[in-house]
Amino acid sequence: MATGLYPQTKVLSKNFDVPNAHTLAVARPRGAYQSLEKALRTMTPAQVTEEVKKSRLRGRGGAGFPTGMKWSFVAKNTGKPTYLVMNADESEPGAFKDRYLMERDPHLVVEGALVSAYAIEASAVFIYVRGEYPNSIRRLEGAIAEARAAGLVGKDILGTKFSCEVWVHPGAGAYICGEETGLLESLEGKRGHPRIKPPFPAVEGVFRCPTIINNVETLSHVPWIVAHGGEAFAKQGIPPDPANPRSNGSTGTKLMGVSGQVRNPGLWEFEPGITLRELVYGYGGGPLPGRKIKAVIPGGISMPVLLDSELDVKMGFDELVKVGSGLGTGTAIVMDDTCDMVEACVNIAHFFGHESCGQCTPCREGCHWMEKVFRRVADGDGQPGDLDLLESLFKGIEGRTICFLADAAVWPVRSIVRKFRGEFLAKMTPAPTPAGA
Amino acid sequence: MPKITIDGRVLEFAPGQTIIQVAQANGIEIPHYCYHPGLSVAGNCRICMVEVEKTPKPQIACYVQATDGMVVHTKSAQATEARAGVMEMLLVNHPLDCPICDQAGECKLQDYAFDFGHPTTRTPVEKTHLPKNVPFGAKIVYDGERCIKCTRCVRFTDEITQTHELSMGARGDKEMVIMTSKGEFTTPYAMNIIDLCPVGALTSKDFRFESRVWFMDFTESVCTGCARGCNVTVGARGGRVLRMTPRENQDVNRWWMCDAGRLGYGHANAPTRLTTPRVRTSARAGEFAEVGWEDAIDAAVEALRDAARGGVLADAGATLEELFLLKAVAGRGDLKYASRVGQDEDGFLIVNEKGANQRGAEALGFARAAAPAPAALLFVERGDAVPKALRDGADPVVAFVTDGADVPPTARVVFPLPTWAERDGLLANVDGIVQPIRRCRAAGPRDLRAPLEVLEEIRLGLDAAATPWTHADVVAAVRGAVAPAGLAVPEVEFAPAAPRTVAAPASRTR
Ligand SMILES: Cc1cc2nc3c(=O)[nH]c(=O)nc-3n(C[C@H](O)[C@H](O)[C@H](O)COP(=O)(O)O)c2cc1C
Ligand code: SF4
Ligand code: SF4
Ligand code: SF4
Ligand code: FES
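Line order of the protein sequences matches chains P and A.
Per the numbering used here, the first sequence starts with residue 1, numbered consecutively.
Per the numbering used here, the second sequence starts with residue 1, numbered consecutively.
Hints were generated in silico from the structure; no laboratory data involved.
Quick reminder that beta carbons are idealized off the backbone N, C-alpha and C, glycines included.
One thing to keep in mind: the hints can contain errors.
[To be verified] Here are the computed lysine-lysine pairs in the DSBU-like style, where the Cα-Cα straight-line distance is at most 30 Å:
| no. | chain 1 | residue 1 | chain 2 | residue 2 |
| --- | --- | --- | --- | --- |
| 1 | A | Lys388 | P | Lys395 |
| 2 | A | Lys132 | P | Lys197 |
| 3 | A | Lys3 | A | Lys54 |
[What the hints assert, rightly or not] Reference listing, derived: stretches of chain P covered by chain A, where coverage requires no fewer than 3 residues with Cβ under 8 Å from a Cβ of chain A:
| no. | segment |
| --- | --- |
| 4 | 135-142 |
| 5 | 350-364 |
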């Protein structure tokens, strides 16, 4: 790597390049389960939650919700068990960070799950893994078996009073089962139809019991927070905006990836603060020879695009929102000047239409309608009012459904339609008749 | 009580009520497809979106609970625009085959498109095609293209019957309802999904293509298939009953009815029905001549006067008033009723006792006929309620019979009996709830006279000193007679003479 690049900070990724780090024999001498031991022996569940609150850890599944605050919503004294669900569905196009964690450091993932389960006093963890990730499933199951044999999973963990089961549940190939309540339905053996909220899962989740759902990466941070304290975590990355009392900043470290039309696609870990330009050009190696970067989606397919001129923004939750996009999963998708933005819209709309669970009228019908309009524009059959029609479809779809899939379907294509209007109009204007013809 | 403001009206509500519930309770209509008061809230169709002040996005009225001080607008620009948007989305892939769709005329998609859809189409795109004409069991047909995926039908089999025969299948605009069981329903209530379906996606094989609803005459009545007395709307045209659908009554059948009851109108349309009175012409059994009504009544008076015996054997589907008059005319002898008793009671609606007015008969002093015994008057609407041995064994002087096949050969005078769909009267159900059946103007053969009228004329013929009774007089007398048995007869208005409304309700589903 060239010098002068924004520095990497390898916390989650510290074992990624260590051979056989997925085995307990390698992982444990490198520190695995020390935080579990510390938490179980020296801390109360409330103390663990307190450290996570102090850390300002925000959810890595896309929405950036403060994890400690989410945990504090768990309904107490319900007479029912509490469950922890780890969201490993990772079906967002462009996202591949959770897979690295599960395949290369599954013991970190299992430890994160156990410490978090202890904090919320859960009796079991369900890890819902994307069905197309057989290696992740195998590695997790292997790690859990090893951990169970070592007394780290199951009854009376490490000889303490804390008992917790960890189950791996493979998904069946639906993006919507990554949406937390779609996931819960699927876990219960039903169709992945997201639920209307409230009630929120923390009150009524899987099997109608209080449930906390967090992303793999989110929970994988918890062992470090227990080991070093929440304040140490909060000192990394981008601090909260002092002017905004509700701001949480972007603390700790974050796995960030680049895919698409770049020289060097990959995954790295940074304290937030790196700009999207440094990520794409520095680590991602910039455009392929002779090409120019046209647009970048910073965090998985469901975020609005940024133009090459807009890449000097820091990869932080609030920073990206300020420029009209979002951190999402922190995995950028790069499109260069060979990319037809209308075709990109066809593709994106097709994806969301195909993955819509079908419940809500605006999502079920609207996504496909958008796709059909994009398709005809791409085919040169666009009609004069089509851009206005699209704008009114965006309005009719966004914010009018049970879950956020519909919103996620609108955000990227709307930004493309607005930022690349010329490309659309070019396809819609009949080519001038050659003189003399 | 906390208060909510909807469209400028300040309304009290009970905590826990949703916006749509408060609105409905106060006569404010909020459009809805997936919401049904008898099912869980799915919140998927989004047509019920309203504007709630201090909330940026439109909210679904079927799910969001009213809170004190909430201000709701159902007709503001935001609400109207949101609704029109959903309406348009629903039509993107809709086949618009209204001209051949049974639901046309009572379809919520049509109603709402008319009320607030876009006047012009913006959807000149190829529609997504889905399977049509899919059999859902032997009695129901599904059309995936007409389906708006509201999941009402699925929720019915999940929540009400808990038989789980239906599920949503596939995703996105390919989503459709599928049968999870092996092609047949195990529940005897499956056809309720046809009524629940807000569009024409679920149709009844029995009713398919029989009639446009706007040509039909609809009458609020009660099913007489068993003693539950489910409240129904009877749809008829040209002398035939074409359809029965349930009507909400929370004390009796909630919103539902059973399939057997729904389809149990066949005897009303039977080609073998009697249409003219008959008088036996010779001593030989079974030889009758058709006569006019007045002649038959005179013959009946004469025959009853001559007859040495009294006694009644009545179908327990006879109304309280009819039983009362049968008793007044021939009460000197034994009072008996007959009814079918099944073995299919299920703790939901269906009960074993099939006599629709069995409780009423008991209250008026009738006893179940145990064995064939002579009776002066016989009253048979359904042959299977009063089996042949009882009918013929009654050797009646005067018989009121619906179907020619059920006429006892030794009867002296026979009056064609209108079915329940053609009579006015009161029935006491299994729980002692007294409810009216009403005459459908368009059902049954022409020119049948109500047995109540005929019996009254016979009564007056037999006793010149008797004061004439109106229907209301009989009801008043019945009220007193059944009160000791704990039956409360409600105030009911019958309008047998005046033609009743022909128009179908705007939409038959809720
Ligand atoms: C359509 C859709 C798909 C989603 N897919 C995922 C996913 O694959 N993985 C994930 O962690 N979160 C996904 N989410 C976000 C989850 O709903 C949820 O917010 C997240 O798991 C919470 O975890 P966190 O607080 O740790 O971020 C998805 C959300 C939506 C609306
Ligand atoms: S928004 Fe789309 S994916 Fe989400 S619940 Fe509604 S139909 Fe399903
Ligand atoms: S068939 Fe009718 S009731 Fe069932 S989901 Fe479709 S529209 Fe709704
Ligand atoms: S339960 Fe009885 S009254 Fe109700 S529909 Fe069925 S047969 Fe008719
Ligand atoms: S009626 Fe409220 S969403 Fe369907």
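Hint by hint, here is what the structure shows:
1. A:Lys388 <-> P:Lys395: With a Cα-Cα distance of about 70 Å, the restraint between Lys388 of chain A and Lys395 of chain P is violated, given a limit of 30 Å.
2. A:Lys132 <-> P:Lys197: 34 Å, violated
3. A:Lys3 <-> A:Lys54: Holds - the C-alpha atoms of Lys54 of chain A and Lys3 of chain A are around 16 Å apart, at most 30 Å.
4. 135-142: Violated: only 0 residues of the segment 135-142 of chain P have a Cβ under 8 Å from chain A.
5. 350-364: Per the Cβ count (11), the hint holds.
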